[in-house]
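6 protein chains.
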Amino acid sequence: MSTTTLRRYVSQLGHNEQVSQVFLASDKQLRPNRNGNLYLQLQLSDRSGAIATRLWNASENDYKAFENGDYVLVDGATQLFQGNMQMIANSIRRARQDEVHEADFIILQSDEIDRMARRLAEILRSIRTPELRNLVECFMMDAGFMAKFAACPAGMKNHHAYKGGLLEHVVGLMELVLVVAPRYPQLDQDKLLVGAFLHDASKTDELTYDRDIAYTDEGQLLGHMVMAMTLIDEKVREAERLSGEQFSKALVTEIKHMVISHHGEYEYGSAKLPMTLEAVALHHLDNLDAKLASFTQLMADCPNVESNWTQYHANLGRKLYKGARIEERGTSEH
Amino acid sequence: MSTTTLRRYVSQLGHNEQVSQVFLASDKQLRPNRNGNLYLQLQLSDRSGAIATRLWNASENDYKAFENGDYVLVDGATQLFQGNMQMIANSIRRARQDEVHEADFIILQSDEIDRMARRLAEILRSIRTPELRNLVECFMMDAGFMAKFAACPAGMKNHHAYKGGLLEHVVGLMELVLVVAPRYPQLDQDKLLVGAFLHDASKTDELTYDRDIAYTDEGQLLGHMVMAMTLIDEKVREAERLSGEQFSKALVTEIKHMVISHHGEYEYGSAKLPMTLEAVALHHLDNLDAKLASFTQLMADCPNVESNWTQYHANLGRKLYKGARIEERGTSEH
Amino acid sequence: MSTTTLRRYVSQLGHNEQVSQVFLASDKQLRPNRNGNLYLQLQLSDRSGAIATRLWNASENDYKAFENGDYVLVDGATQLFQGNMQMIANSIRRARQDEVHEADFIILQSDEIDRMARRLAEILRSIRTPELRNLVECFMMDAGFMAKFAACPAGMKNHHAYKGGLLEHVVGLMELVLVVAPRYPQLDQDKLLVGAFLHDASKTDELTYDRDIAYTDEGQLLGHMVMAMTLIDEKVREAERLSGEQFSKALVTEIKHMVISHHGEYEYGSAKLPMTLEAVALHHLDNLDAKLASFTQLMADCPNVESNWTQYHANLGRKLYKGARIEERGTSEH
Amino acid sequence: MSTTTLRRYVSQLGHNEQVSQVFLASDKQLRPNRNGNLYLQLQLSDRSGAIATRLWNASENDYKAFENGDYVLVDGATQLFQGNMQMIANSIRRARQDEVHEADFIILQSDEIDRMARRLAEILRSIRTPELRNLVECFMMDAGFMAKFAACPAGMKNHHAYKGGLLEHVVGLMELVLVVAPRYPQLDQDKLLVGAFLHDASKTDELTYDRDIAYTDEGQLLGHMVMAMTLIDEKVREAERLSGEQFSKALVTEIKHMVISHHGEYEYGSAKLPMTLEAVALHHLDNLDAKLASFTQLMADCPNVESNWTQYHANLGRKLYKGARIEERGTSEH
Amino acid sequence: MSTTTLRRYVSQLGHNEQVSQVFLASDKQLRPNRNGNLYLQLQLSDRSGAIATRLWNASENDYKAFENGDYVLVDGATQLFQGNMQMIANSIRRARQDEVHEADFIILQSDEIDRMARRLAEILRSIRTPELRNLVECFMMDAGFMAKFAACPAGMKNHHAYKGGLLEHVVGLMELVLVVAPRYPQLDQDKLLVGAFLHDASKTDELTYDRDIAYTDEGQLLGHMVMAMTLIDEKVREAERLSGEQFSKALVTEIKHMVISHHGEYEYGSAKLPMTLEAVALHHLDNLDAKLASFTQLMADCPNVESNWTQYHANLGRKLYKGARIEERGTSEH
Amino acid sequence: MSTTTLRRYVSQLGHNEQVSQVFLASDKQLRPNRNGNLYLQLQLSDRSGAIATRLWNASENDYKAFENGDYVLVDGATQLFQGNMQMIANSIRRARQDEVHEADFIILQSDEIDRMARRLAEILRSIRTPELRNLVECFMMDAGFMAKFAACPAGMKNHHAYKGGLLEHVVGLMELVLVVAPRYPQLDQDKLLVGAFLHDASKTDELTYDRDIAYTDEGQLLGHMVMAMTLIDEKVREAERLSGEQFSKALVTEIKHMVISHHGEYEYGSAKLPMTLEAVALHHLDNLDAKLASFTQLMADCPNVESNWTQYHANLGRKLYKGARIEERGTSEH
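If you're matching them up, the sequences are chains A, B, C, D, E and F in order.
Just so we're aligned: the first sequence equals residues 9 to 342 in my numbering.
Just so we're aligned: the second sequence equals residues 9 to 342 in my numbering.
Just so we're aligned: the third sequence equals residues 9 to 342 in my numbering.
Just so we're aligned: the fourth sequence equals residues 9 to 342 in my numbering.
Just so we're aligned: the fifth sequence equals residues 9 to 342 in my numbering.
Just so we're aligned: the sixth sequence equals residues 9 to 342 in my numbering.
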């Protein structure tokens, strides 16, 4: 992309814009139209969103010119079709490496992820309760786990649903713990930090996120809360091996309880309701961080730019009020 | 108890009966009445139920004459008080061993439990899928687990809430599987048998049942469904050690899924809804066996002997219709 | 269909297959496209499912060449369009009788239905309670009712939603009763058999099923559970006329109670919750049979052949896990 | 009762009142107190309510001096005990007929019931649709049914729960129909009148109300809405017999639909939701009349005379605001 | 429109009708089809409904030939497309004033609105309680408020969702009060009239309705029930200023309570449940009027003219039964 | 109280303790027992709780010796009765002023309240948005309001249900805002502070709390959320008067929206769901503070001192796990 032209992010595209820039390609299909002519259909995306795209009168060669997952340079124009923006491409070719600006395609840059990973380690090392400290060390020593933890999204949708999203959510939550727990002396901050660290930890195995985000079979059949039981058991055994001492059974139970109860209500898949002060605090802080992230993103992604309101979100049972203040993620920091 | 007089079971006692027989004592308290005179209050029970009892004008000596958990010989008379039957005792003394007929105080006799334990082993050995067979062998080889499994009740209340109740429920359920599964060729009978065997297995640690039935802390904070994850993981590791082969991860996941989903609905603490055919079948068969046991017991325990209806059960949202047909447990087999 | 070519069932068709075989036609419409040219749109089906079909550049003659409900021979090719398979036909003509293999178009063959009807009669004759035996005889003597009973589907969708489905479901349920009831001596097997026989009996009038399956006005306004009251009253009057004796009013009430409570919960239209042991048992057994049939069919009908999971079913609140084991109905038995 | 002394109704009694007047006796029991002395416990009631009563140091003779259901003359004094008013009787004897003023013991006087029965007949005769007119004639010709209809309460509790209450509720509802239906030309007033007449008609068999109000077995197992199907079928057959013509099946279905859907929601036992205009209107008008009657009675019965609020009613989820305006039933008309 | 040809209302249009008459235009868009040719897409409506319309091969001139909100004369033909009726226009031009028959485009004619406004004033003047009379005078003296009250719809959808709908609903409700209240002497008719008048009064500011009906920001964030608190406070202050006397605080509270509780259940946004007799009566009468209006309109608007049933309405959880009796609004009065 | 004897707080009293110290008296009643002898019944309380008390063989003089609300010196002994602790007093007399240690009877000391009031003012003055600053100034200038704000409890029960509890909850919540808001740049901290300040502000008029805590009529009929609309309107008018400028209507609406939506769900009486980021944040932070306060208090008040668990709390649907760590409020700070 030329240094003189600013990129138009997908979320910025309006009706009838001429576009000539790099996108990430996926979901390509060669299909016949009703007159039997072939066209190429695909998704083009950058970090701000995705747009359905068609190349009319396409050939087998057009189809083979690139792979899903490739960066492609696209010439085309946008068009509002049945309420959604789509792109009609005139040409699509694989982009040269020097045409690609990687930062346009990831929401969290690698240095941001590194910074958050260091912050996570720093906070975990602030834990003073010996057994809990040993336990988190066992997690930190597991390089494979930590790598997945840093790469994993926090979910399929709703909030932090992108690579690094889990780390971002967890660090954010632990920062909250650090400022909130001191205000409630009845809370055990160390337990709460461990709960925040581990509450979603098995999302690393509940989801696949090499390319797309999806559930694993195990993730779908058991869920990350139940899967975390096995993960915690493993690390507790390791902590016992390293320390040569029995880990307190009551403490393991409290940690597991924070994890399996953190959704707060049976209807959200909590096997138990929160029954300890730390479990209650974790549930509410997690909810606060997740809802703020989710609502902010829904406002930012909202295509009704001229309205004070987002569309109606059936799962929330409401529209959200953007006021005149919210700016789109993805672009405001560029 | 004299061989000529038939015992009157607690559930058979009516207003104004003279009683002179052995009971199990519990919950004794020495208390002052409103005039400052002391009286002894306690529970007397046998296998058919319990009755509140008072000994007026009691002394410290009366209080110390026996311990909770002792068999005591009681002379007294029954009285309807505020809708409940109570007993006014004239004398209470520790019973001699020859006065006690143990079978009057347990719901499941030890030979019944033995017979069911043998039947459980027999059914488990009918499993033909090698991995599942190895897994259940690991459970059967664990004598401590099997002993707890045979002693454990199936719950605090509702159904099979007495020693041996878990075994009775599980064997009953597996017998159902043996007759029902052949009618549905799409079901994997071996998986379903393992599911039936393990679905409540961690009740052995969720509950304490040496004397009274109660929840353990772990049981209350995690619940038997979540606790079973650790139990299954342990036995899978053992099965791998014995066989020298990796246990199929997908198979472990399916077994765990049956366990954590067997309550069928989120509101009953299922972390997941049943998503496999075996999980669905297990949920419905478990429900059938549990509900029939529970309703039968509620009808049998119902004190309104002259009515066609039990009292209103708020948790069920209904009364039950006994018709003219139901007879009381505890006595019909004597 | 030629003896040498195996039929490709609708559920087996993939993208870009050439097809030349017989289908059942329905929903034909002659419509203009956006350029004003006419095309013919219709549904083609066999026993494994249905596929939307278009014949471009069609004429009035093409439209009149066959009727809805006719068997037609179609030449064409399949195409994936917006995630669904559709067929582009090159020609459609009415099929000759010798080209049609009737068994390809019905889920339950007439000999299967006959066999089930005989089995139903056999089980009903096993009833020993005189009044109940008389009552079921009155139903069996009503040839019109029995014919409808054998032809009726068990519902509009969900489970057994095809001709003969009611009979298949009811016989399956009664077979369950025969193996399950003996395990619970507190159950009256005869009552339970009558409950299983009659619980959905008024579906014969709740639905129409000569061609399509639909609700009658009465079915929609009253429902089969309420409609069954009238049906049972009629047969009880007849039983009284034949026997010359008054039918036990309490027994009629228990039978009606099983029928109106068998959905188990108010939210599923049960006017009462199950209050007798037989009503509880019927509810759970019915649920077991219906859910297994429904889940099995959803797995079999699932078009995502390459996935371990069915699509998300909103009414069930979940996806189903097919594993690697399930094969499609409609073809596995051919 | 002397002509110079005004009766103190049960609902008017305060703490520490001397009482010497006639009550209706029920629930008598001779019981020992904690010192072994006998006392007589019973309920005394009049049309305004009931009061628990004790006669200390009672003998077998006191117990036998009257029967439950007798009118008794009581000397005693009232006392507030644990928040409820009770009476300590000094003497209780059977009342002479000339001491009893029957009107003090029934909520609806017989001339009121007669007047309402005549009004019911008058309204029913205003129906002009021939088939509906014939149908209601068949009900009116059934003297046994009409007698039960005039005697039956409208329920066990909630609203109009006294003899004649059903008639009072139904006539009140039909009067509402007469003034409301003309405002909605889309409503068929005749259908709506029949719906109002029959919606609770099988309460005549759902309840027993000779002495106490209770459910019959059939009432509990089927409910009045389902039971009405049989009642309507009977009268339709009779109407056909009398007129020699087939009754419109669609019309019967609409009438039945109004009956089985009039509770409006599945959770209140409606087998179907209202789907016709008349069914919707009937549901809302019935609700209006029932709720106003129920709230008015709760306000009138409220023992907190000095508060603006009734107690909290858990089934309503609220207290009711009486303001300063409501006067107690039972006494205001005396 | 010619005096000799009767208008075909939108709701009357069937497949393949030739149309040449005046409509109201909205939502016009000029869009390219898949071949790049432009077409004009718009909505055409009259008082009976709206129809999607396309003009193929349109030009920029066609697009500019009229504005949204203009009356246009359209020549075209109707077509059933994917289950919905659409129109293919051959020509569209702005209509001359003499071609427009205004009454075809509004549901409530201005003389109807005037008549209802006079009736509203008449009923309000029948209020005899001095404070309430003063209060309603303050509303009536506010010409701006009364003008909005007469123009406002009663909602976005569901019932009375057209200009003047609020007035129609409120007057209808007050007429109900006038006939129903006298039947319940425990009701204060004046309070109930004021409640009926004000219950939806802040819809005048919750909605905008100059052109389309939409929510204001304030309406969406607070809702008309909460907004009414401010409105009532204003008028109470004014009433106090005019009368020179303090308005009864308890009375204001009762009026506000009727308003904020009139939806009857928390789940419908009632901040409180109805706790006074008038609040209960208002809730049920409002519900009756609203549901009858809504169901009647759903039946009238139902496009399945040949069926006894409307389509399934998910928000109602049911289809509605039209029977053979309902005729379409919009046309029956022409 | 003597300096040498430590007070035994009500929450510390066990079975059979001799007590001679000062309590606050309330609810005194002179009542006859079953033998006609009079006794005095009353409540004795201090800041840690209340205990039911009886003085046997009391006279009219005993009754008149003190008033409800007096401090009394009591000699007596404790006794466990039906699971609850009660006190049998030997003598009760009005306490001399020098015997009373006021701090034993209030949960929040006046200097604590003063300190919190100063902190509230300090935080409010940190608000920088001019309009919001003006608005909160108008509240702070209203000495009557601020006095009530400092005295008011936060509710009838659940959390902070004591004098000064509202202030404690609000300041605690605003402190949370000060540490949490900076972590979410998308939040407007000033709006959120105002929301926290005002969300429960009308509890000052919803409740009475001079002696006991109770609802006002207005509080019960409207609730503090709705009542706050009037309060905010008043202060906005005042702010406009003072500043001579129109207050932003959009801003008032956002503030009101935070207030009426802060319960988060319709079922908790929220008239609207939170639709702005600040409303969402307020809801979750309020919930966090309230739940931690409530759970901590339930654990502290729990009379099962020897158990790890509190009793079952039906409104929470669970027991709470105290672990071995929680100490009783009331005493830990003495």
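Hints may contain errors.
No distinction is drawn between identical chains; accordingly, a pair holds when it is met within one copy or between any pair of copies.
Said to hold, decoys possible - Dumping the calculated BS3-like pairs for lysine-lysine here, alpha-carbon to alpha-carbon at most 27 Å:
1. LYS171 with LYS299
2. LYS72 with LYS156
3. LYS299 with LYS72
4. LYS165 with LYS72
5. LYS72 with LYS327
6. LYS72 with LYS257
7. LYS257 with LYS327
8. LYS299 with LYS156
9. LYS156 with LYS171
10. LYS327 with LYS165
11. LYS299 with LYS327
Treat the hints as calculated values from the structure; they're not laboratory data.
Keep in mind the model is a prediction, meaning the values are calculated, not measured.
Evaluate LYS257 and LYS327 at a C-alpha cut-off of 27 Å and name the case that applies: within, between, both or neither.
Answer is between: at 20 Å across copies they meet the 27 Å cutoff, but 46 Å inside does not.
Between LYS72 and LYS156, at a C-alpha cutoff of 27 Å, which is it: within one copy, between copies, both, or neither?
Neither: 33 Å inside a copy, 58 Å across copies.
Please work out whether the CA atoms of LYS299 and LYS72 approach to 27 Å or closer within one copy, between two copies, in both situations, or in neither?
Answer is neither; intra-copy 42 Å and inter-copy 45 Å both fail.
Homo-oligomer pair classification [LYS327, LYS299; C-alpha up to 27 Å]
both (14 Å within a copy, 25 Å between copies)
Give the relationship of LYS171 and LYS299 under a CA distance limit of 27 Å: within one copy only, between copies only, both, or neither.
Within. Shortest intra-copy distance 19 Å satisfies the 27 Å Cα cut-off; inter-copy 33 Å does not.
Evaluate LYS299 and LYS156 at a C-alpha cut-off of 27 Å and name the case that applies: within, between, both or neither.
Only inside one copy: LYS299 and LYS156 sit 24 Å apart there, 34 Å across copies, limit 27 Å.
Go through the copies and call it for LYS72 and LYS327: within, between, both or neither, with a Cα cutoff of 27 Å.
neither (42 Å within a copy, 34 Å between copies)
27 Å Cα threshold - placement of LYS171 relative to LYS156
within (10 Å within a copy, 46 Å between copies)
Quick one: LYS165 to LYS72, C-alpha cut-off 27 Å, is that within a copy, between copies, both, or neither?
neither (31 Å within a copy, 43 Å between copies)
My question is about LYS72 and LYS257: at a cut-off of 27 Å on alpha-carbon distance, are they close within one copy, between copies, both, or neither?
Neither: 58 Å inside a chain and 37 Å across chains, both beyond 27 Å.
Go through the copies and call it for LYS327 and LYS165: within, between, both or neither, with a Cα cutoff of 27 Å.
both (17 Å within a copy, 17 Å between copies)
Checked against the numbered hints above, the structure violates hints 2, 3, 4, 5 and 6; every other hint is satisfied.
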